[in-house]
Amino acid sequence: MTESYKLDGITPSRIERPDTVDNLSTVLKSIHSDRQAAVLWGGGTRMHVGNTVARYDAAVDMTGLNRIVDYRPPDLVVVAEAGMTIAALQTELGKNNQRLPFDVQSADSATIGGSLASNTVGPLCGRYGGVRDLVIGMSIVQADGTMTKSGGSVVKNVAGYDMARLHIGALGTLGAIATVAFKIGPVPEVMRTIAAWFDSAESAAIAGIRITNGAFMPEAVTLVAGQRASAKASELAADGPGKVSDNAVMLLVALAAGPATVERQVNDTTATLGGAMADGFVVLDDDLQFAAWSLTGQQSPAPALSIRSTVKPTAAVGLLGALAKLDSFDDTHIVSQIGFGTIEAHFRGDVSGEVVRSVRDAVISTGGACMIERCPSELKHELDVFGDLGAPLEVMRRMKQQFDSAGTLSPGRFAGRI
Amino acid sequence: MQEKSALVRDLEKVVEPTHVVWKPEDLLVYEYDGSIDRNNPGAVVVPASAEQVSEIINIARKHNVPVVPRGAGTGLSGGAIAMEGAIVLVLTRLNKVLDIDQENRVAIVEPGLVNLELGQAVAPYGLQYVPDPSSQSACTIGGNVGENAGGPHCLAYGVTTNHVLGMEVVLADGTVTWLGGDSREVPGYDLRGVFIGSEGTLGVVTKVAVRLVPIPEAIRTMVAAFPSVEAASETVADIVASGVIPGAVEMIDRLCIEAVEPAFHPGYPEDAQAILLVEVDGLVETVAEQAALVEELCRKHGTTDWRTAEDETERETLWASRKKALGALGRLAPNYYLIDGVIPPTRLPETMSKINALSDELDIPIANVLHAGDGNLHPCILFDSRDPVQVEKALIAGGRILEMCVEVGGALSGEHGIGLEKQGYLPLVFTDEDLEAMARLKPAFGAAGMFNPGKIFPTDEQRTGLPHGAIMQRLTADMVI
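Protein chains in written order, with the working numbering: chain A, 60 to 477; chain B, 2 to 482.
Accuracy of the hints is not assured; some may be wrong.
To be verified - Residues from chain B that face chain A, not an exhaustive set, calculated with beta carbons under 10 angstroms:
(1) Asp-102
(2) Asn-149
(3) Thr-162
(4) Asn-163
(5) Val-177
(6) Leu-180
(7) Pro-215
(8) Asp-239
(9) Val-241
(10) Glu-290
(11) Val-430
(12) Pro-444
(13) Gly-455
(14) Phe-458
(15) Thr-460
Stated by the list, open to error - Which stretches of chain B does chain A cover? Using the computed rule of at least three CB atoms under 8 angstroms from a CB of chain A, they are:
(16) 195 to 207
(17) 337 to 348
(18) 375 to 388
(19) 405 to 416
As the list claims (entries may be wrong) - For the chain A half of the interface with chain B, some residues (derived, Cβ under 10 angstroms), not all of them:
(20) Gly-189
(21) Met-458
(22) Lys-459
Don't read these hints as lab results, they were simulated from the structure. The beta-carbon is built from N, C-alpha and C at its ideal position, and this holds for glycine as well.
Bound conformation, chain B alone (with noise of 0.2 angstroms):
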């Protein structure tokens, strides 16, 4: 018979026994997410209310045990996996949409509302929830607020910063506040911003106030097949660079198209070498202006095959191949590393040459699947994790396309946070200096060490040895059988 330690006792008289997992068997659970990593949470939680949250975390805080809020675990770095014992604090049965106000165009929700859900219950208004993340139909609105998470349309509408005006959050010391509220912005230093995309590590979230928009008037979604990445890439770039925005610019190349054909069957031609899912929004009249100039520079880059979605599920069909492109890549690989890199998009076609000819090189198949209007790359590094030979492959080549995208004056991370996967990599970009100033937001929410340890910054070896060394570590002992 396992013993109940006095942490799981004092955690039981807040919510229900059965709310709290602390066997090691049903941990296990709990030891991964949608990344690479794993680690055995102390135990895991799953309270009812923002009062529950407040209790759990004065227990944690007697306890001297930190706490990792987790949403839907789809993240991909690593974010939502507790280290240092934590407790996982799972947000999903805080999952209400507490109020629709339709004329100020703002929704007060609880953070494990799935994003697609707060979408569908705001639409009878004629309103979305821009930030549209892959996952949407699993990830939660405050995992989006950790992640700071994008999404297909945030090129034209920003991503989930530019639309949240607010969080009811508690910190280390129980304290439940307000960071903004339910208009745009309030006095004082803009705590809410830093808070967003701080990937739990400095409270947690209980309300969100989201802001939204109305549904555009008209739609339409194209797509160009083209015989090269190079072309596609060309035309993203002239697209940008003509000022028109429109509301996604996605592209696949050949091996996603492989996965995603026979999985959803959405008729491309079989000698695409990639293609590009455009969609234009907005009136009647801006959707016709935009689409004809968009049309016009696929074809100046040699379009072989060229057409618009003629209803909303031929609509439907074209997003499933983009959205859920990852999960068909397991037609291919037994396991997928998603590279969440970002470059100016001008810098397309010759990144996307690279990162061919380093699959070649390393003889390692990399699917490309990527938000190209704004240049957030999502090479998926196709491997079998079961032989350390691939894994060890698969994480040189992670590295490689972080410094390619580091070396163009791009960014380490899009949308899917460092987490623990690429800590190691932030001296490429920061500063000790910087990493320093950032450290200290911490102590100023009162949150040294209390929540989400062990993430985002880089351990003192990681600053001086080989990123991928230490994940291989990690991942060795259990994960390779």
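Just chain A, with the same shape it has in the complex (with noise of 0.2 angstroms):
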């Protein structure tokens, strides 16, 4: 049992699993006046983001909190539980025909409370923002047990300071996300998925920023590289027009909307699709779309190295074209939502401190952003994963300071491990 909640190569000595936000607050003020460190689980997805924890007696299992607190659909508002999965949220949304804007990964395991603190990215993010964009509340319990809130369930809100930000992308360092306030949207009555191909990363992202400026909102723009993008498009050339180059790089536009306004949508999609030099492209619909999209997500076993950089749009061209064209792995990975930025990498094989390095300068080299989001747990003792954040790191230091003094909440795992 405590095998499963091992991390950084340490297994706690103790279990929690509260099934309230009272017994999250009973369960952290016990930890906290037993002068232990906890590390806070959600569904276990996303574990490896993050320095090596220098300190690990308790795993907080917060799958227990798994309830939805309350929603008002004509409201477009709902408040959930953090250890409620992102798919048990959506399948309850689903039966009002509302949905949150928000995808991850191993949506059946992945849980609000852990991809809010992970900052995790999807699809969607470009048009709908990240899930910062989409909370409009949230109550937090702090390391020592105590019971706070900010927000409301509102969609406009600025009375006090907006605490929320402050947890989303915390890792959990700050305190303890027990509930969230989302504001939610109806879901689209028509979708179509257009599915293209290039010869090069760049001629991708060339397109995809294209389509992306262009007069309307597609729902995603996602760029996929490495060797599953190349076989996906070789798969889709030979059932229809087109050429496929030996390294092709695939570009999935989603459009959603009235049924008219997919329909243009489309249109002016393929027209600059055609314009922009794609080897080739399909319509998909139904659930060709979602075997699509699935391309977008991990397989197991996991990559030996994954690095999320975020970039201007017009620096990820060059950068995903450098990203795509290392050869020193086994096999390459590469998702890239274009409106927003992201580019997460993923390799195996090998992987080396130096290796890493020159990934992360040629992230840095394009004036972007990078962390290092899983490596080999011998590399992460000689770098910080988050890379050098310069004068605000001092602020981060005295705001871990401020919220967790006793260094109760994942010590060392945050930024300059702190």
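From the two separate chains plus the hints, produce the assembled complex.
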């Protein structure tokens, strides 16, 4: 049992699984007064993100906090507990033909709290923003068990500091996200996907930017490069028009709205793709389009190295080309949300510190931000996976000191090993 | 001959003496903002660069005097008023557009740039900056960041925090650094996110990277008149529930109509009790689909007059009637007290009825102009500040409306901030523990007591006493003449 909560080679001696916010408060209060260190667990899908924890005595499994607290469909607001999975939340919202416009990999096990704490991105972020853009309120249990909240459950609220922001992407190092209020929206009436393939990452990225910057807001524009993308391009090209090159790169474009709008969007997008010299494309609907989007997900075994970077779209063109051409790995899988500017690059094979640094330098030289989300644990001891954050790191250190001076919550895991 | 203080002499070493205001009679200009509070600053300084801002902060620290960053002073909650003899740092000379990156849809601007001027600067590139407070012809981008400002078009597109990628800020120790950047995210704690909406209490913004979006291909602005505020409110609740998210859904009531009709001549029907202004935008096809649904819902709830703006001139007239409604209220009373509460849209019909009943009960007129689609009320309590009875009634009415908002699960402020005006009401929503957690941000930014002191957080007396009592005390001394 305790083995399944092993992290960075440390197996915790204590497992807690609170099933109410009050219990979570009691648990954290006890851990804090015992001067122990706790790691918060959601579905465990992104525990590889962050530096190695310095101390780890207790695992706090949040999945018992899995209820909807308040759901008012006509107000487009839902409040849910942090341990609820994204899939379970979407199922409930779907009953009213609504959804949270936020998608994650492994939605069946990824929780709300974990997705927020690790600031997950998915294809919908280009249009709807990061998950932080959807949060309107949050309750937090502090490191010492104190229950606090900020925001509320109306879509506009500037009363008090916007504390929820602090906990999104904080990897549970400043407090435990207990409940979250989201603004939600309708499920689009119609959705179509256009899957296009190109002979290089650069040409796919340029086409993606052109579509993103067009007159309408596509639902998603995602570039996928690497062996799986090439194989998918070959598969689609075999059944349809166009040619396909050896290292083909895919561009997936989702269009979603009312029927007349989507028809127009499909026409405009295919015209742009023709002009952008795609080697070929197909328009998919029904299950075929969901099969195409599964290309953006991970496959096991887990990659040896995952790097997430966020750059300006124009800088992404060259960077995607450079990453796609790296040939020192056995397998490469790159997923880029064009409108948002994120590039998640996953590599399998031998990974040395030198390789990691060279990839990171390539990102930083484009003016972008870079975080190493996964790498071999011996390398994690050598380098700070957050990179050099400059002057704001000092503010972050003081923030940790203010909210968790005893180092109860995942000490060492955040930037600067705070 | 008045003597310059050591502080003023130091400030004059950083900026030219013409940009330092220190004589008591000159300081009077800066004793108030768009709200009903007032207080005299210790000095006013108008820098021209981030470096000067940093030097001024170092001087303030040396003299142990706090600093209040100020844009145009249009916040309406007292955020720009200097307490504790603070230096007012006016940022309106930092008003340049530094860069427009059309392909990446980002602009870098200085904080004193007027919101509308940013829109005008990026329009030739086919782009727009979405947050559009009604005061956009005066308010500044830096002020928008401080208040996390909204505006009519935030219903579909989000508020300032959703449109600012990063800011260059000066912290309390004089450090100049970026929080966030010019792309969508940076690693580490989201310091940009907590800084936005912090009402100038954590540092001073000296550059802002804003996200731009394409100007929609088609826009349709529609006006519907209703025989009652309740019918208009039910229409709004139905539009939101339908899942169509228009660019904007705004409402004005009978009293507002009486003020704006002679001022702007929008041509509203004489017997209308409420007007809805609904705008949908996007592709031509999207606009047609959404406009049809909006019209259907308005007709279902008995609209008595329905029309669509025929051209850009008519659209601008209709928007002027809405965005400049507050100015037009001067035709009805010398002063207004705007309440910025938020409620869930489904609670609009009952809440609007209660506000009307409150107006009757206290015998004080309340004109309603609201961002109806997101439930952001702006009841404007009309009064004459020379009459202490009316002042007290206005404050009581304001408090009662905020309590109504909280009772239905709403918020104390949608876009104007807490400032001085609403700090006494925060305990209606937040516990001592909630407020204590928020208060930790100041030491984390190294800003304890340094920036905009006496704002947001309730004083000890306010935690126990009647919230409006404190405002009365501050006001009656010099305001009632």
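Structure-based check of each hint:
1. Asp-102: holds (7 angstroms)
2. Asn-149: With Cβ-Cβ at 5 angstroms, under 10 angstroms, it holds.
3. Thr-162: Check passed: Cβ of B:Thr-162 comes within 7 angstroms of chain A, closer than 10 angstroms.
4. Asn-163: With Cβ-Cβ at 5 angstroms, under 10 angstroms, it holds.
5. Val-177: holds (8 angstroms)
6. Leu-180: Where the cut-off is 10 angstroms and the nearest Cβ of chain A is about 6 angstroms from B:Leu-180, the hint holds.
7. Pro-215: Holds, about 6 angstroms.
8. Asp-239: holds (8 angstroms)
9. Val-241: Holds, because the Cβ-Cβ distance from B:Val-241 to chain A comes to roughly 6 angstroms (cut-off 10 angstroms).
10. Glu-290: holds (4 angstroms)
11. Val-430: With Cβ-Cβ at 6 angstroms, under 10 angstroms, it holds.
12. Pro-444: holds (6 angstroms)
13. Gly-455: At 15 angstroms from the nearest chain A Cβ, B:Gly-455 fails the 10 angstroms test, so the hint is violated.
14. Phe-458: holds (9 angstroms)
15. Thr-460: Because about 15 angstroms separates B:Thr-460 from the closest Cβ in chain A, which is outside the 10 angstroms limit, the hint is violated.
16. 195 to 207: Held - the region 195 to 207 of chain B has 4 residues with a Cβ nearer than 8 angstroms to chain A, which meets the minimum of three.
17. 337 to 348: holds (count 5)
18. 375 to 388: This one holds; 3 residues, not fewer than the three required, reach chain A with a Cβ under 8 angstroms.
19. 405 to 416: holds (count 7)
20. Gly-189: For A:Gly-189, the interface hint holds, since the closest Cβ of chain B sits about 6 angstroms away, which is under 10 angstroms.
21. Met-458: holds (4 angstroms)
22. Lys-459: Holds. Min distance 9 angstroms.
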